[in-house]
Every structure is written in C-alpha cells, then in structure tokens.
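Visitor: If you're matching them up, the sequences are chains A and B in order.
Just so you know, we're using this note's numbering here: the first sequence kicks off at 2 and counts up by one.
Just so you know, we're using this note's numbering here: the second sequence kicks off at 426 and counts up by one.
Bear in mind the hints are in silico, worked out from the structure with no lab data behind them.
Predicted model only: the values in this text are computed from it and were never measured.
Hints are supplied without guarantee of correctness; some may be wrong.
[What the hints assert, rightly or not] Listed below are the simulated DSSO-like cross-link pairs for lysine-lysine, each with C-alpha atoms no more than 27 Å apart in a straight line:
1. A/K453 with A/K466
2. A/K129 with B/K503
3. A/K317 with A/K507
4. A/K95 with A/K507
5. A/K438 with A/K453
6. B/K503 with A/K79
[As the list claims (entries may be wrong)] Beyond 12 Å from chain B on every Cβ pair, some chain A residues (computed):
7. E119
8. A244
9. D249
10. D311
11. D600
12. D761
13. L772
14. G799
Ideal Cβ placement from N, Cα and C applies to all residues, glycine included.
Below are the chains, spelled out letter by letter.
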Amino acid sequence: MKLSSIPTIAPSPLGGGGPQPKLPHFVRDWFTMRGWTPRQHQIDVFVKAAQGRSVLLIAPTGGGKTLASFLPSLSELKDNGGQGLHTLYVSPLKALAVDIARNLEHPVREMGLDISVETRTGDTPPAKRQRQRHRPPDILITTPEQVALLISMAEAPRLLGTLRRVIIDELHALAASKRGALLSLGLARLQTLAPDHRRIGLSATVADVNALRAWIEPQSDDEGADELAALVEGGGGATPEIAILDTDQRIPWAGHSARHSIGDIYWAIERARMALVFVNTRSQAETIFQQLWMVNEAGLPIALHHGSLDATQRRKVEAAMAAGTLRAVVSTSTLDLGIDWGEVDLVINVGAPKGSSRILQRIGRANHRLEEPSRALLVPANRFEVLECEAARAAVIEGAQDTEGPAELKLDVLCQHILGVAGAGPFHPDALHAEVKRSFAYRRLERALFDKAVAFVSTGGYALKGYDRYAKLRPLADGRLRLAHPRLAQHYRLNVGTIVAAEMVKVRLVRRRRGGLEGTSALVGGRVLGEVEEWFIEQLKPGDTFLFAGEVLRFEGLDGLNAMASRSSASDPMVPSYLGGRFPLSTYIAGRVRAMLADPASWGHLPPQVRDWLSVQRWKSRLPRQEEMLVETFPRGSRHYLVCYPFEGRLAHQTLGMLVTRRLERMGAQPMGFAASDYALSVWAVRDLSLMIGTGRLSLQELFDQDMLGDDLEAWLEESHLMKRTFRNVAIIAGLIERRSPGQEKTGRQTTVSSDLIYDVLRSHEPDHILLKAAFDDAATGLIDLGRLAQLLARIRGRIIHQPLDAVSPLAVPVMLEIGREPVYGEADDALLEEAANELIVEAMRLI
Amino acid sequence: MTPFSRKPPTNSSSKPCGSSELTRIRVGGLELLADLSGALHAPDYRALLVADLHFEKGSSGARRGAHLPPYDTRSTLKTLMEAIERHRPERLLALGDSFHDRAGPERLDEIDRAAIGTLGNAVDVMWITGNHDPALPASLGGRIAAEIALGPVMLRHEPRAGATWEIAGHLHPVAQITRRGRNLRRKCFIGDGGRLVMPAFGAYTGGLNVLSAPFGVLFPERRFRVWMIGGRAIHVFPSDRISP
C-alpha cells in the first residue's frame, strides 16, 4: 500500500543534481542515491525548522509533505537517538499509523540511521503501550486521543519532557473538529512539559491560512494579534480538468439518486484506468453501487467503501485498490483523506459538491503526479445540483476555498482536558488557565468560564452545592487541586476522546433454514456485514427490505445488539435510505448559485433543460436578484403554500421552518407543516396566504424579522430533539454521563439516567449551566445552524420580494417534491399520537 | 395491609377545571382517572396514586463521581404538587420506590425535605415500601405499609403474578408506536381490567417496553391495553398497535 508523500516522491522535473546546500549531507546523498531531487518546500521546511521555528506546510497530496516534516527530526536524531521521545507525529487516521511508520523506516534504513520508529493507537497491545511508557521510541506515530492519554499519566513530565517536535498531519481537517480542540489543549500541555519543542503542521489548501499558522504556534498572553508559525507553501500543481456530465436523459427535478446518469457514469469508468466515485451519503453509495452492477456488462471489478461497512471489508477494498486490481470504488467521505492510490486517474463526484474545498480535496485524489492535471467528472442528480456543479467548477478554477475555520472554545472538551491534567498530578488553577490560553482554540477563554469548567469537573458546578462532599478535585494547602481518587483517572482513560458515535447496531447476515418455522429459531447465524445507526433499524419491521453492503436485505429481527437480516430476492428495497454523512451547502457555493440565478447571461454553460426551467420561472414568476429573497405563495389542492429561497442549507432551513410555522400560527394562518431542502423552504397552511399578505394581515417583513431568534427560538429549543441530541454528545465528552459500553444490556430499565431527562431537568432548574451553553454553541453551528440563519435574516432585511401565483412555480417544484420524503425531527409528536389514535376511531366507526 | 373503604361522596364536584386531560381507567370495578403527570386519581376514595418517584436518583451516584444535576427530587415534587392541586385528594398513596436507594432520605437537601414535610399538610401520605426503599425513616412523616387495600383492589409495589385485582408499579412501563417512520416512545399505564401497572413518576426514571418479558408474565397472550401519556392528552391503544 502506498502512502501519501513518501513512496510517491516523484523525480523532480529539474532532474537530478542541482545545488542543495541547505540539507545535510546524508539526506542529500540519500536523494542522490534514489535519483531524486528534494522539492523546494522540503528544503524550506528544513531551513525554518533549523532556525527553531514552527512551520505550517501547505501542499497538495502527493507533494512529499510527510517526508518534509520528518527530515528535521531525522537530522537532529542522526547521532542522538535513544535519548527519549523526540518526535510525536499525530494523525487523525488511526489506520494509517502503521503505514506511515513502515514508510518512514525505508529512508531511515537507507540513510543508515539508528532511529526507532513506533506507533501507538487504540489498537496497540497493552504490553507494548506499557513498554513505551518506560522505553519510548525516538519517533512515535499516534492519534489525538493517545496524546490526551499520554499527558494524563503520572509519568508524563518525564516521558514527554524530552520532546523536541510535534508533527500534525491533515491539520485542515483536524483543527475544525473537537478532536482538534482536544489536541490544541494537549499541545498547550506539551508546551509546559517540553518548552523547547517545535511544531510542524501539514495541511491541504484552506481558506484562512493564518488561522492554521496561529493554531500551530503557542499563543501569547497579550490580546493583540495572534502569534503565527512560519509558512511554507508547496505550490498548487496543475489546474484540474473538470467536466460536468452532460446527459441526454431527463434531469430529475428532485432526489439524489442520479439513477438517470448511471449509464454515463459506467461509460466513464470503462474509459478510465481506475476511478473513484464519490457520493455524499451512505445510502447513495449503496444505490449507485447496486445500479452500477446492474449495468456492469463487462463485469468490471467495482467495489464499495463506506463507514458503515465492516472494517476488515474496507481494508480488503483498500488493499485491492493498492494492488491495482479494481477499476472503480464507490465511496463516501471515508476516502476523502488518507492513502493515495497512484493508479486513480478519474474522480467522479455524484450529487452536489456542497463546498469548493471539499470538491478540490476529492479531485486531488486523482493523479498524484503534481505536474499533470487531475481529471474529474461532476454528476448532478437534479436540476439545482446542475447549478451547484457549475458554481463549484468555477470556484475550483479560481482556486477559491471555503473550508471551515478551527473549532474554538469547546467547553465540553475543556472539561475533559481538565480531568486529564488532574490525572497526571495536582495543578494550580491560575497556572492551568494561563497554560490553556496558550492554545489557539482557547486563547480567548475568560477566567470566569474556565472556573466554571473546573467547578463542573469537581462537583458538577451546580448552584445547589450538594456535591461538595463528593468533589472530584480536592484543594491542597498551596492552592493546587488534586484528584480525589485514583479511580477517577482510570475512569477518565476509558472515556477519553471527542468522537461520540451514534448508537450502532451490527447487521448480521442470517439464512432461513429450509422448512423451519417462521421466526428466529429457524435462522442460521452468519457473518457481520457492518453497522448502522440504531434509529434506522428501529424503524424497520421484520420483513422490510433495505439496501446494505451492496445487497437488498430482508430485516428478520433484532437480537440484542445484532440486527439480523437475510438476503432478499427483491430488486428494490422498501425502505430506501438511511442518512449518514450529509454535508451542508457552503455559504460560498450558495452565494455563487444565487448570483448565477440572478444573471441569465451566465446560463450559457447550462444544459438546455435547465435553461428552459429557469426561463419558464422568469416568465411565470420571477428570479430574485442576488441579495433578495423571493417568497412565492400559491394554492394547491386544499392547501396554501409559501415557498422561499434562502439558499442557506437544509439545517438552517429546517430551523427557519420551525420558527416560521410558530409565527404563522400566531398570526392566524393555521400552518400545517413544512419541508426544507438545501435551497428552499416550503410551508403550507389552511388559510389563503396570498390573500393575507395582499390585504396586509400578514407582513413578510415581520414574519422573517430577526426577532424570531429571541423568544420563538427559546420556546422551540425547549422541546427540540436536535438540542437533546447535541446535549447528549456534550454530556458524554464532558464526562457527565458515560459512553455505553459494548454489549451492555439494551432493554430493561436502565440504571443510568437518559440524557434527555437530564436536559429537561437541568434546563428548567439551571439554564445557565456550562453544559447547556456548550450544547447551545454546538447546535448553533451544527444541527440547528443558527449562524447561517442569523446571517440570512440580516441579509434579507428589507429585501424580501413577494410573488403571489395561481399555481406552483418551476423553481418551487424540487422542494415540493421533498414533502413527505424527509422526516422532520422531534416536532408534532403529539399530532402523530393523536393521528394514530384517530385512525382507530375511524376504523371502529367504519360500517363494514 | 391497610384497608380503605369507599367513602360516601361528600362533595360531588371534584375540581372540574383542567380535567379535560383526564382519562378513565377501570380496575376491578373501580373507576380511576389517569392524569397527564402519570398519577392516578381514585375519586371514590379521594386518593391520588403515584408509583416509582425515585427521589434522589440524581445524587445516588455522586459518591462514585457521577454528578448528575441534583434537581430531580425538586422536579418530581413540583409535578406531584401540581397533580395534588388539580385533584385535591385527601390522601396520597405512593406505590413504592419513592426513594432511589436506602440512603436517599439522608441525601435530601433542606428545601426538598421541607417540601416533603408540607405534603403532609395537604394530604395524608402513605408510603408503600419497594425494592429500592425497603425501609423508610419515620422522620419522613406519613404512614408506611407494604400493601394497601383500596376497596377490592390491592395496591403494592411489585405486581404479583397470581393476583386478581391489583394496582402496582415497579416495572416502569413505556410503550412505543411507529408512525411515518418515527418511533414515539412514551410512559404509559398498562392494564387488563383486573390489573394495572402504573408508569414511573420520577423525573429521572427510565422505562421498560411493555412488550418485554416481565409484562408477558402478567398479561399472557398480550391481552392488555396501554394508555400512553402524550404532551396534551393520554391515548389508549390495544396491544396489537404498539411496537417492540
């Protein structure tokens, strides 16, 4: 298996030879021996590191980044190995650690160095981990979670005090997550334990380079500008060649199946050496994979790869790709990062790209010779996605980035870290606060909030002081706090980390025994195909069919934590989809799509069908200008619809839908429901909305006023399941409730208290609690996307245009087709209960 | 066993306001009113029944380091007081597991302790013992019993397989219905006319699905109905309508 950078260091176009005075002799000799020339960025990183600087290296994959990051350490260790841990290499991908180590051992051996390289992940045997604590290697390749564990050990000062360098891989992805926040705190700790260590961050191109430079560098106490690490840029390589699939088939109005273009996708695969087919959700991966095999007349080896599949199954697919025996792999974001396959010469992205950085990253998976352009094919699954693909293509050509910035001030992660620090020994709150503020993610952490976090760790931090006698942190005479009991440190180690997996159920393939009775006793157990979210399985009845691991399966029943399923002969699954890995539409792409809609002169690239669609919209209704928001109202059936087009992504639209329905209710419009897509929101009501607006009884300016983010939001959050889900994650990360250990009995009265009940009680008795703040902050940027919603409401103030219509407009069709397709979380539960009860009454009253 | 006999109705008006959310349930000939809070009102006996209050469940793991918000007792008491306000009973009958553990009463904070004391001013309190609270301190006030006879119906904590007419708690019944791809899981009363198992009342109490084994013993062949507690009303379903 090849790995990004090291094995793919291609001969430089300059040819061997040239002057390279900056690198030490043994490194230059090694390059010469391999017939290679060091890249400029490898030299630059080395020079900056030798000057004692921390460095952010930005280069596309395949640019020799990993080697560049190791060269300074190899040089320093040349004659000084074996004196304790020198370099930590932190990668978000546990599965890659072993490969990175193996690939580093080649140059180490060939340079004749006596340097020990080891890995440490959750998979490392306890005996080896134990040994590493006493006799550490020179270079340790590990994960953010292991860094947190290392600093929580009593021997951390001795073990980590020798550290001279920390290398952080895939920094662009890591920094944006809570794992990044945890690592950021870990680095601040390492700064105290090993003040002389320097850092190297490896990143793909990002929107805000300085944020990552500051992330790498310890921050100072003053409130001025951030401290920045040195920057080395590896150059961008050739501009990718991007085509958008032009099909003779009718482009669907809605949906994400891309069924209409399967033939075209297959045609493209046939013509490529090896293709990566990226999709946005796991169910899409399953569907595309199944359909490709239906048209696979040539019997091409096409495989499937997504996060729900069994790990060994995934490793097999990766190995087959590395061996070059596959022609295509259908994959979700599981292959966005990580290993390179030199053979891949085409990336096909099915569905909307959602963000320009995401699509750039994916396209970068093709063709790792920097000097040749990557080739990509974008396949829109519906008409709006055609616009989105066009916007993404333009963005990629400009090299525009829309990556998320680093995660900051994650309070649940801070709570976890404080307990970890206490595990290593007593700490003084003043010192720890100062230390934490040196991390980029917490550089703006106020003392009051820090004290709340400490109080939470110690006693739960409640106004009611009942837990003082059970405090986890006990003060010493000198003001330091120590852990009350060593058991707490153990407990911390079992719960470390910020990844809270959805509750998963294993899918086990079973066989019906011929002639057996119906029911589980006649089922013969088989292998595990993978895992799916518990809630998906819960909605299935025995006998339902669904698509999983490339097959149509029949659900047979639940047995503890196993969902039993047998092969089905049906060709179409009854339960079409399960979610997983949806991406929000980026603000940047959304802005471009709005601009495109507003400007008919830019429609030249669009397929005729899409052009017609927009032209008819202009004729029957209107097209909003870029900064406007169009609101259409029209009757249909017995209902009256309001459709608006904010283009802020499905999550923000869902929240808007909840809030707007509340307000319509109050304004007497009698709303009945709503549906949201990435582009639009549709609300339907009993009353004639066109009439209400026309006669001034309903004001759109008032309906979409920013004040909805006050009381209405408050009232909705009270009952929102989205908030409860967010709270659960926060409560687990902060250590309030435990992760469910595997095999724990599922049914039966739980001895633990459900996080939903805790949320209800906490919210009514202590609404200012630190965990509620943490949950709200998360939800605001996550599941309820308040940030985008607030931006929208500010943007459209005074710019709402209303168009009453007699019938549905062309632009409204896609979101109208979403109605009934998407479940709306958490709301109207009582309405559903009532509906179920009423159904009984209707049945009972039926006269036959 | 502490028997209660039927009281002659003194005043026929039993607080009509807010009673639209009341649902009638019959057990052994008794007419009972299910309250949205999960309590059960027996108007003929001027008694309010609640099961599984689990006071101080939140603080029960504090010694081990689980510092759950210590407001569950307060929440439970508030809901209980509201139910008492609504029905104005003369007595409150708690069907066991009123405290989450034996040490629960000691962990009460002063406000909650006082609130339990003032319960005694409004109603006569009778605590039935449960497996979580087999012994209760006298300082709690009220009377303590293992079982109570409410006319023909026995009140006890754990339902008894052979019993004819009884109302019990202990099992924390919840029922689930599946609707438009969504699972709605709610606390519920479960009964067959002769036996009724009440939902757990406590703020931190979880639940056990009524289609699981312990209920099968009590209600063979799924001959039962459930009264699911919604946000605005209680909904009754036959056993073939609910999902596991």
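Visitor: Next, verify each hint and record whether it holds.
Guide: Now for the hints, and whether the structure bears them out:
1. A/K453 with A/K466: 14 Å, holds
2. A/K129 with B/K503: 55 Å, violated
3. A/K317 with A/K507: Answer holds: A/K317 to A/K507 is near 19 Å, not above 27 Å.
4. A/K95 with A/K507: Satisfied, since the Cα-Cα distance of roughly 21 Å is no more than 27 Å.
5. A/K438 with A/K453: 15 Å, holds
6. B/K503 with A/K79: The hint is violated at about 71 Å.
7. E119: Non-interface label stands for A/E119: nearest chain B Cβ at 34 Å, farther than 12 Å.
8. A244: 38 Å, holds
9. D249: The assertion about A/D249 holds, with a minimum of 35 Å to chain B.
10. D311: 26 Å, holds
11. D600: Fine: 40 Å to the nearest Cβ keeps A/D600 off the interface.
12. D761: 8 Å, violated
13. L772: 9 Å, violated
14. G799: A/G799 clear of chain B: closest Cβ-Cβ about 38 Å, beyond 12 Å.
This entry does not satisfy hints 2, 6, 12, 13, going by the numbered hints stated previously.
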